[in-house]
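Line by line, the protein sequences are chains A and B.
To convert, note that position 301 of the first sequence is 301 in the numbering used here; the numbers rise steadily by one, no gaps.
To convert, note that position 95 of the second sequence is 95 in the numbering used here; the numbers rise steadily by one, no gaps.
Treat the hints with care, since some could be wrong.
[Said to hold, decoys possible] Listed next, the stretches of chain A that the computed footprint assigns to chain B, with coverage defined by at least 3 CB atoms under 8 Å from CB atoms of chain B:
1) 25-35
2) 58-71
3) 102-109
4) 232-246
5) 271-284
[As the list claims (entries may be wrong)] Calculated pairs, SDA-like style, for lysine to any residue (alpha carbon to alpha carbon, straight line, at most 20 Å):
6) K136(A) x S53(B)
7) K136(A) x P222(B)
8) K277(B) x Q195(A)
9) K193(B) x S143(A)
[Said to hold, decoys possible] Taking beta-carbon pairs under 8 Å as the criterion, some of the chain A residues facing chain B (in silico):
10) I159
11) T199
12) R201
13) N206
14) R209
15) Q229
Keep in mind the hints are simulated off the structure, nothing from the lab.
This structure is a prediction, so every number in the text was calculated from the model and none was measured.
No residue lacks a Cβ here, since even glycine has one placed at the ideal position from N, Cα and C.
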Amino acid sequence: MELFFQQLINGLSLGALYALIAVGYTVVYGIVQLINFAHGEIFMIGAFGAFATWTIMGRPTGSPVATSLLFILPVMLIGGVVASVAVAVAMERFAYRPLRNAPRLAPLISAIGVSVFLQELVRLFFGRIPGMPDAKSDLAFPSISGISGASVQMGGVLIRASAIFTIGALVLCTVFLWIFVDRTKTGRAMVATSQDADTARLMGINVDRVIVSAFAVGAVLAAVAGVAQGLTVGNIGFRMGFLAGLKAFTAAVLGGIGNIYGAVVGGLVLGVAEALASNYLGTTAWKDVWAFILLILVLVFRPQGLLGAKVVDRA
Amino acid sequence: MNKPAFKLAGVMLAVASLAFAGCGTRTDAGAGGGSGTKVATIGVIAPLSGDLSALGLGIRNSVDLAIQQANKNGTIPGWTLKLDAQDDQATPDVGKNAATKLASEDTVVGVVGTLNSSVAQSVIPVLNAANIVQVSPANTNPTLTQGTDPANPTRPYPNYFRTCTTDSVQGPFAAQYLLGAGIKKVATIHDKKAYGQGLVEAFTKAFKDGGGTITDAETINPDDKDFSAVITKVKATSPDAVYYGGEYPQAGPLSKQAAAAGLNVPVMGGDGIYDPKFIELGGRDGDLATSVGAPVDTLESAKAFVEAYKAAGFSEPYAAYGAYSYDAANAIINALKVSLASASDAKSARQATITAMADVSFDGATGKVAFDKFGDSVSRVLTVYKVDGGAWKAEKTGELK
Chain A
1 MELFFQQLIN GLSLGALYAL IAVGYTVVYG IVQLINFAHG EIFMIGAFGA
51 FATWTIMGRP TGSPVATSLL FILPVMLIGG VVASVAVAVA MERFAYRPLR
101 NAPRLAPLIS AIGVSVFLQE LVRLFFGRIP GMPDAKSDLA FPSISGISGA
151 SVQMGGVLIR ASAIFTIGAL VLCTVFLWIF VDRTKTGRAM VATSQDADTA
201 RLMGINVDRV IVSAFAVGAV LAAVAGVAQG LTVGNIGFRM GFLAGLKAFT
251 AAVLGGIGNI YGAVVGGLVL GVAEALASNY LGTTAWKDVW AFILLILVLV
301 FRPQGLLGAK VVDRA
Chain B
1 MNKPAFKLAG VMLAVASLAF AGCGTRTDAG AGGGSGTKVA TIGVIAPLSG
51 DLSALGLGIR NSVDLAIQQA NKNGTIPGWT LKLDAQDDQA TPDVGKNAAT
101 KLASEDTVVG VVGTLNSSVA QSVIPVLNAA NIVQVSPANT NPTLTQGTDP
151 ANPTRPYPNY FRTCTTDSVQ GPFAAQYLLG AGIKKVATIH DKKAYGQGLV
201 EAFTKAFKDG GGTITDAETI NPDDKDFSAV ITKVKATSPD AVYYGGEYPQ
251 AGPLSKQAAA AGLNVPVMGG DGIYDPKFIE LGGRDGDLAT SVGAPVDTLE
301 SAKAFVEAYK AAGFSEPYAA YGAYSYDAAN AIINALKVSL ASASDAKSAR
351 QATITAMADV SFDGATGKVA FDKFGDSVSR VLTVYKVDGG AWKAEKTGEL
401 K
């Protein structure tokens, strides 16, 4: 039983990470019907932004726990968010907006191009920024006292502080998203645009701004996820966004693409399924097989995804 | 390794050397002149520029040393040996061009190289077609000598030999080391790639034969970052060590995450994790790795080589593969003693040199140098390294029995 709860915690931590990234796919899809395959790279940029901020701060290590948690980590998070949002907004402006009225396939291909471009950009040029190490191979992510390596023992179950950070970040972000979408003007404008962009424009909504804010919201969560992954696994690399992005996209589809809460649920379900399957259904080699069997079953019996709208008119 | 400037320089060099090759004036040896000595060339194919050039230049200089000694001692009466070193830039395509160039020169009778197994894969066929013997000081990929099916080894190229040990003996050596250290319960993890899977299979067989228990056999995806599910599963079987088949980008974080999850046992791997980057990415004190060969500075047999190398005044150090390259060149020279004795020109002695390699046997810088029926070195010396104080330290050097 201890093993079950341990794997459940592992799965929730992994799933929270998927969920944080999945929100970005789903928000953008809901508004412009674009599957933004470069979103995994925004997650990667967030991690590198946080790493760069830490380097600029003079690589503080071994600070007291309070300083680490109340100062160093928040500053790193802000650095990551700034980098992610800047890149996401630029990406929207230069790679997607010119193709807004092009056939659907054009922005999709553009997204794949942006993805490769951003990976190579980090690989080749991160090390050229003064003071930054070469990023051609994986870099060790900074240790934050109080999180890296720390853990809480509950019975036979070991809960790592990084898991608490990831799951906590997901809970906070979900609450903020709910407030943002339901209670703010921009949030309501986003809902309106996703329902009918042309009518929303007639009602005086600046659709361009709404689209930019959708990319920005997704980027904020992706940056948080980037830092969370760095803290959990201890390293970052220019290719980290590829598989994570693919899994998060799967989570978004599983939960019902276009639905923010669906992305959260989909991420958690996918993470827990992977962790439990690696323990109970064959060896760990089979975890992805079971995760995708789950996806197929959900799509066969509930094509709109777990929380998707009843009527599917897109995708 | 992909610096454009180097590539451009390489291309220009290649163009220039092609232009000059057209003027070839060296192949007048044995043309009936009464001068007495004929010329045979030993080529080198190794990375002489780029990130790996420290290793490549060490190979070139060590071969140069062996050739100088042979000429000075008159090892092969009536013949003068020459060196022709070609840059492969650690790239298969460039290596292939270098091999083609060497194969087209009539005096070339043997080649020492390459550094990288991937480059060897494109160099060997070219030299094999020209019947030129090739001896590598550094290729560890077992398929180069044993073919792609480990259960049913067949030698793909009769011209290819090597003086270093291969990956296929690392797993059993690691198993012996752990059993010797009193560790009887080990969990294995590999990354599903040929190198990692091969290591784990060889390790598992030897470890079980030696009386050990494999508590759990798991795999990861090379692209995975979060290994907590695997570690939790492995931890539940309470092993005394984890044997990992794969490379340091995954092994470092795996070791770090294992410690964070409360699995405080050493992680052991092959030469794929024997790298400072492993420690940087999370490898802990106590983690272990095997690597081929012995650290040269500790070898009694290598003393003469090290002294001669210093005396020769090369501007670059002999690096990791110097002693193996010196032995590789001497293996070729030993074979040439037989094949050139009755030959009228170098080119006609090529096949005879390959045949003579099978009988080569002498005491070299790295120990006994001789080859089995696949062309692999009969010496199977390996070293276990341990992370100690944040750096790799040689722990134990030995021979696989």
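A quick look at each hint next to the structure:
Look at the stretch 25-35 of chain A against chain B: 0 of its residues bring a Cβ nearer than 8 Å to a Cβ of that chain, fewer than three, so the hint is violated. Remark: the stretch 58-71 of chain A is not confirmed as covered by chain B, as 0 of its residues place a Cβ nearer than 8 Å to a Cβ of that chain, below the required three. Proximity of the stretch 102-109 of chain A to chain B, defined as three or more residues with a beta carbon under 8 Å from a beta carbon of that chain, is not established by the 0 residues found. Coverage of the stretch 232-246 of chain A by chain B holds [criterion: at least 3 residues with CB-CB distance below 8 Å; count 10].
Figure legend: the stretch 271-284 of chain A, annotated as covered by chain B; annotation consistent (6 residues with Cβ-Cβ distances under 8 Å, at least 3 required). Restraint check: the Cα-Cα separation between K136(A) and S53(B) comes to about 18 Å, which is no more than 20 Å; the hinted pair holds. Using a Cα cut-off of 20 Å, the hinted pair K136(A) and P222(B) holds, with the two alpha carbons roughly 16 Å apart. The straight-line distance between the Cα atoms of K277(B) and Q195(A) is roughly 51 Å, outside the 20 Å bound, and the hint therefore fails.
With a C-alpha separation of about 30 Å, the suggested pairing of K193(B) with S143(A) is violated against the 20 Å cut-off. A cut of 8 Å between beta carbons decides the hint on I159(A): the least distance to chain B is about 10 Å, and the hint is violated. Hint on T199(A) is violated. Least Cβ distance to chain B is approximately 43 Å, over the 8 Å limit. Against a cut-off of 8 Å between C-beta atoms, the interface hint on R201(A) is violated, since the closest Cβ of chain B lies about 42 Å away.
At about 39 Å, the closest approach between the beta carbon of N206(A) and any beta carbon in chain B exceeds 8 Å, and the interface hint on this residue is violated. The criterion of a C-beta within 8 Å of any C-beta in chain B is not met by R209(A), whose closest approach is roughly 35 Å, and the hint is violated. Using the Cβ-Cβ criterion of 8 Å, the hint placing Q229(A) at the interface with chain B is satisfied: the shortest such distance is roughly 6 Å.
Hints 1, 2, 3, 8, 9, 10, 11, 12, 13 and 14 from the list above are not met by this structure, while the remaining hints are.
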